[in-house]
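One letter stands for each residue in the lines below.
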Amino acid sequence: MTASVLEFSPENTRPFLQEVMEQSGQMLTACYQCRKCAAGCTVGDETGSFTPNILIRAIVLGDRETALNNELIWKCVSCYTCGTRCPNDIQTARITETLKKMAKKAHVQPVLPKVAAFHDAFVESGMRWGRLNEMEFMGVYELKNALREAKTKNYETVVKEFKTQAELGLAMLKLKRLHFGFLFSKGRGEIKALYRKNRYKQALKAKRG
Amino acid sequence: MEIAYYPGCSLQQSSSLYDHQTRMIFSRLGVELKEIEDWNCCGATSAGKVDDFLAVVMPARNIGIAESAGFTEMVIPCSACYSRTIVAQKRMQDNPELRDEINSGLTAKIKGSIRISTIMEVFLNHVSPDLIKQKLTHKFRGLKPVCYYGCMQTRFPYNVPASDNVENPQAMETLLKLFGIRALDWNYKTYCCGASAAVNDPDTALNLMAKIMKEAAARGANCFVTTCPMCQMNLDANQEAFCKKHDIKERLPVYFITELAGAAFGISPEDMQVDRHFIDSMTLLKELEQNEHKDK
Chain A
1 MTASVLEFSP
11 ENTRPFLQEV
21 MEQSGQMLTA
31 CYQCRKCAAG
41 CTVGDETGSF
51 TPNILIRAIV
61 LGDRETALNN
71 ELIWKCVSCY
81 TCGTRCPNDI
91 QTARITETLK
101 KMAKKAHVQP
111 VLPKVAAFHD
121 AFVESGMRWG
131 RLNEMEFMGV
141 YELKNALREA
151 KTKNYETVVK
161 EFKTQAELGL
171 AMLKLKRLHF
181 GFLFSKGRGE
191 IKALYRKNRY
201 KQALKAKRG
Chain B
1 MEIAYYPGCS
11 LQQSSSLYDH
21 QTRMIFSRLG
31 VELKEIEDWN
41 CCGATSAGKV
51 DDFLAVVMPA
61 RNIGIAESAG
71 FTEMVIPCSA
81 CYSRTIVAQK
91 RMQDNPELRD
101 EINSGLTAKI
111 KGSIRISTIM
121 EVFLNHVSPD
131 LIKQKLTHKF
141 RGLKPVCYYG
151 CMQTRFPYNV
161 PASDNVENPQ
171 AMETLLKLFG
181 IRALDWNYKT
191 YCCGASAAVN
201 DPDTALNLMA
211 KIMKEAAARG
221 ANCFVTTCPM
231 CQMNLDANQE
241 AFCKKHDIKE
251 RLPVYFITEL
261 AGAAFGISPE
271 DMQVDRHFID
281 SMTLLKELEQ
291 NEHKDK
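Quick note, the sequences are listed as chains A and B, same order. Following the UniProt record's numbering, the numbering of the first sequence begins with 1 at its first residue and continues without gaps. Following the UniProt record's numbering, the numbering of the second sequence begins with 1 at its first residue and continues without gaps.
Bound conformation, chain A alone:
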């Protein structure tokens, strides 16, 4: 992606901007495009110069399409350099996190589906057992990837990924860095119950508008 042209959409600006600001808790209108975030962005070289300041600009202009469809929100490694350096205390990483959730809700296909699958599998596993079981989690994640690739008959990618992971797994086995026991936390039900209760509360709140 090269430096893209942003669409200004006056009718969408306010609701979209408001939505992102509320969900991320960040005051986006304070951004004066000094580009300190861009200078510090770890993945700036990897996103075709689509840097955090451009993402903020897209949101402020109401360009929902660009905001939910760009490499930055998926390549962001949550290193928090942008937010640490921002003179106006805007945590752009909280915005990329928010946009990931909004994209999912709006059924927008992630630009990097593997990243989405990874975080989903991580949290699911951590919730299921109360502790993350690395082998089980990696297995579920790879299975999700393989199924997605198989749908588009992209078998070559599946085989390549499988080979890479098998090599790493073998190296880890040799170094005794694979754990065969099973970890869990007895109190995991507490977290699940609180999570469900909060989800219900959020849904009610959204309904009331």
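Mixed in with the good hints, there may be bad ones.
Stated by the list, open to error - If you want a taste of the chain B side facing chain A, the calculated C-beta under 8 Å gives, among others: (1) Ser16; (2) Thr107; (3) Pro157; (4) Gly180; (5) Ala197.
Since the hints were derived computationally from the structure, they do not count as laboratory data. In this text, all values refer to a predicted model and were calculated from it rather than measured experimentally. In this text, a Cβ means the ideal position worked out from N, Cα and C, and glycines have one as well.
Using the hints, position chain B against chain A.
Only chain B this time, still in chain A's reference frame:
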């Protein structure tokens, strides 16, 4: 003295050597680490990307367990667990409503403000420099490490005061100096290694790691030192891959700070399980030890 200990999932699995070393080093220094009961996963950065509430609840339960057991301080070696836990604590301090909501579902309630520490803070706050000097059996003068802090020790997605300088942290350098080891100054100490991108977006992650490696090599370092299991695993397990991709000749061991502490205290690398690294990390320590004997 007794401090609550939260190992986190990776220290029980792929980085169990770090757990082993941490317990060993601190018991030698008279600091008793008590693993908290039935702790759960902190959610790492993934939880924040899936659900904000979850990102607070997961670490919150662990805080409640430690506080209910009567501890006033909890040490968390893993940088991701440390960061998530300290952020969750601050968010609940700033938002009593959120804290009450979480407390309503927890058996071990969150009370106030247990101190959450990195292992560097425990070293520097609870172990006297004199005691460290007494324990020293070796001076690894030939070691030229660069201290690699990564992201999560000093940068937070929320207004949490950092325990060290944000852009140029010094805790590891200070500690190494107590061991008689002088770290090199360099530019990439808080740069990101790519974290989970090594798994889900390897092209990006390998490029980031190569930048870190190039700078370390250019400064004449002969090893990395880190406290983060994710950084250690990334730079160690992927080193062959990113060096090949970017035409880098050097290979550098990626030590945990606990390994260098152990080496300085005369614990054999085998006992510390340094042989569980991907890049050979035994040879350098053994060579330095032999040279030391020759000097004497």
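Taking the hints in turn, this is what the structure says about them:
no. : hint   : result
1   : Ser16  : holds, 7 Å
2   : Thr107 : holds, 7 Å
3   : Pro157 : holds, 5 Å
4   : Gly180 : violated, 29 Å
5   : Ala197 : holds, 5 Å
In terms of the numbered hints stated before, the structure departs from hint 4 and from no other.
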